[in-house]
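> Now for the letters of each chain:
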Amino acid sequence: MDLALSDDQLELKQQARVWLADRFPLDRDWEAHNDRWSELAELGWFDVAEAGLGFVEEALLLEELGYACYPGPYIATVGFALPWLSAEQRARVAAGEERWSVDVNGLVPWLGAVDFVVSDGGTAYPARGETVASVDPSRPFGRLDKADGEPLAGNRNLPRARTASAAEALGVAQRALDLGIEHAKTRLQFEKAIGTYQAVSHPLAQTYTDVELARSLVYWAAWCVAEKDERAPLAAAAAMAFATEAAVAACERSIQVHGGIGFTWEHPLHRFYKRALWLEGFGSRPAELRLEIANALLE
Amino acid sequence: MDLRDTPDEARFRDELRGWIATNLPAEKRGGRGGAQRFEDPFVREWSRKLYEAGYAGLTWPREYGGAGAPYSFQAILYEELAAAQAAPHVGVIGLSMAGPTIIAHGTEEQKARYLRPILAADEIWCQGFSEPDAGSDLAAVRTRAERHGDVYVVNGQKVWSSFAHIAERCILVTQSDPDAPRYRNLTYLLVDMHAPGVEVRPLRQITGEAEFNEIFFSDVEVPVENRLDEEGNGWQVAMTTLLHERATLGFALTATLDAAFGRLLEEARDREVDPRVREELAREWIELQALRYTNYRALGTYERTGVPGPEGSGVKLRWSEANQRLTKLARELRGPEGILDDGWWNHQQLRSRGNTIEAGTSEVLRNIIAERVLGLPRSR
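Taken in sequence, the protein lines are chains A and B.
Counting in my numbering, the first sequence runs from 3 upward without gaps.
Counting in my numbering, the second sequence runs from 688 upward without gaps.
With the rest of the complex left out, here is chain B:
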């Protein structure tokens, strides 16, 4: 237990801070997230710069273009990017989900083909998991992959896919054998989003913008060599993807909450704040610290075992609720002006409603904690 940076970590943090100060223009700081990250061409340029400086895929093995660094370096990257109010790398799904899954389950050819373009932001990936009738219940996906010789023919629909409208590739979970038992019926494919039969329709959300998409697959031919792992092993592969999503997610989430809290605090300093709102500000600051240090505890376990420990299983759940409360508090703080669309908090208020739904609804996360962490009997 030592909260200080090791000499290596301190050196990395110093260099990174200096690099951000030199390379990130002031007017590109403080973006509000959401759809902005797709529309501004600077975001892809910035991602490429991160790659060229060696900050993309920090924890990936060196042989695949990564830095082979410990997870603490990835945590420092999230912290420092958030502190500078800088955009993260645009290839977030490739970096934290597709890439690690390909490293774990891919053939050497697949690794050679797909990994480097993820790091360089040359190829953006999207995730084809959720469907209209398979949200929390991933094993119930119906998008069909039928083997015809050297190809799978894919038909079906995916939904809530962020980045799909700008993505080159998709990690796609398909139903390959309707007669096979649950969890043995899925196949995991790497799909070219420009292939004939792939159609992307933006899904306009309550913020008014379209951050997510529906993807329609009509007789899309996916070469068999684009299958990840064996036919019927899609469930296990998908679990690898979700495990990696969770591993450093806590740091990324806490970093965004930290940045938003900093913004709220700045606004609070310019105003008379009544004691009730002051107390709520402190409550949110405490929750933020609790999340931060829970990540630090989880990091130790993850570095030792390579598997996220139970410590972090509540972080996404608590973060999503904290982020929602923060936007309400901001509106309260702004008093009568809280009713105005200020271009930032109003967007956060609406966007944060998705936080308790995306990447595992709060209800599913509580089930997971109850069953897998507390050992309570299954509710289904």
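Chain A extracted, bound-state conformation:
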């Protein structure tokens, strides 16, 4: 009865943090979309099973990708599409040769940047169609032209996809909190660090409790998905509803704590805010997820 990360899991998370911070620093060129796909393939992030790891570890990687505001379609390929794929397709994904996405409510994330799209409950289509802008410019959508479809070998795994979104949102929330703390410690007004004022520190404390609770739900859901526990659907719905809302709130509080600089294009906070809004709005929104949970509870 234990939900603490093991030493190996903590180390994996730390290595991912360091690697991503080096390649995707806050002062990067945000308009350049080099997602270092082949390097991720070399790290084995597209096939963690090869290293004897499972979905809990994938969730930890997704958390760190969220923390770095990573630009590429990792979550679409590994988080959303992977359970549909055959062994051969997975091998090509593992080698970094194929990128995948999914069609949800007629919207395909990264349609212009992936090779194939899962649609219609299990058909693979070549990624073609018109592009539409999204709340997160680093995550555009497309509307799929369905032609040359081929049936897929695998199955849908909605709890897994939802937990992936929740894990990424957790990382975004943590980063927004860390940026807010850093600013509150260093920004002086009235001759004091603004974090001295409770009107500034208490919203950050609130975000901290949000982040810790979100983390507990994400790890719980990830464990349920990894272990095929019967609670996985509810746990994943809970984690996604809570973590995506927590990420949006964390960014909004952090922007407020930053004051004017947090409202500028120059500061990276808006990138995280847009990522949080994307995660909150993609697939199932928090209110829908809560109604789904309520229906299960009241059955």
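Each statement offered as a hint is correct.
Computed list of lysine to any residue pairs in SDA-like fashion (alpha-carbon distance at most 20 Å, straight line):
1) A:230 to B:693
2) A:230 to A:54
3) A:194 to B:1062
4) A:187 to B:1055
Some chain B residues judged to face chain A by a derived CB distance under 8 Å, without partners named:
5) 689
6) 692
7) 693
8) 955
9) 956
10) 965
11) 972
12) 981
13) 983
14) 988
15) 998
16) 1054
17) 1056
18) 1061
19) 1063
Calculated directly from the structure, the hints in this document are not laboratory data.
By construction, the Cβ of each residue, glycine as well, lies at the ideal position given by its N, Cα and C atoms.
Put chain B on the given structure of chain A with help from the hints.
The following block gives chain B in isolation, referenced to the frame of chain A:
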């Protein structure tokens, strides 16, 4: 990371479930808490039964009458008692605060004298920390302890002391040296509540009942051998007490929230529930799970280090607000009848206002998180 019970935990849980089923009469389930736990003689009898069955002081060392069990067993005990809607052991202050503090700081004589009666519910303890002018600011207590030969003479007033009117003993934080610097001026005493000069006055609260008390000390003589640790070390000793209060508190709190949520859900199943209330029900269920699994994460850290980690520092804060929202939701669910005193939710609604004040106000808890966990500069 493994949410399943280990074989030992599963065995313990099975035995406990069976024991509760055999020993807890149906009519003694589902008490509403509050002052009920003092008034019903069954509560002390039940506590004694828990002791005889080996369920009191699970995590205490064996040499002091405990079971020497891991903290996960204590968590399982809270979960199963809550699931059965059973009352907890009445000696909660002795078990989770006085006892562990005596184990950490006491002499062998003190350990031999005080520990076993706590487990057996023979001696109930109360806590003499808060004062009218020292609530969140414990270092500012004014209750005076003056050394006269072999005794300390104690004068002053404590407040918000639950169990004081039925307690045999008190863990008392006193001011022993007005000239000493802050945090070096306190002395921690173990006081006999039946000693001459101790007067307890029940404090009637907004529920109408008296769960808490004021304690007045007038020239109360406390033998020097009842001092815990050195004179002037009271602050450090008090921190041990509060650390232990926090260690497994999260499980106890979440267990009560779980029981209350279960009750709310039962009522909801019997009614037409509009989508807005349905959504709020789910929101509270999610928060409950988040608290539960935060406890599980914190448990791992606590078992490894013996010190509660930062994971759990928000649990009391979030629990208190969740408990307050739950009572509002219950009133909403009951519709026009929400205005009636049903004997349970109405009491919960009023009682829950104390949740964001007792055991650290929410404001102080946010300060603690900001300063000690997030590393922000001190606000004072």
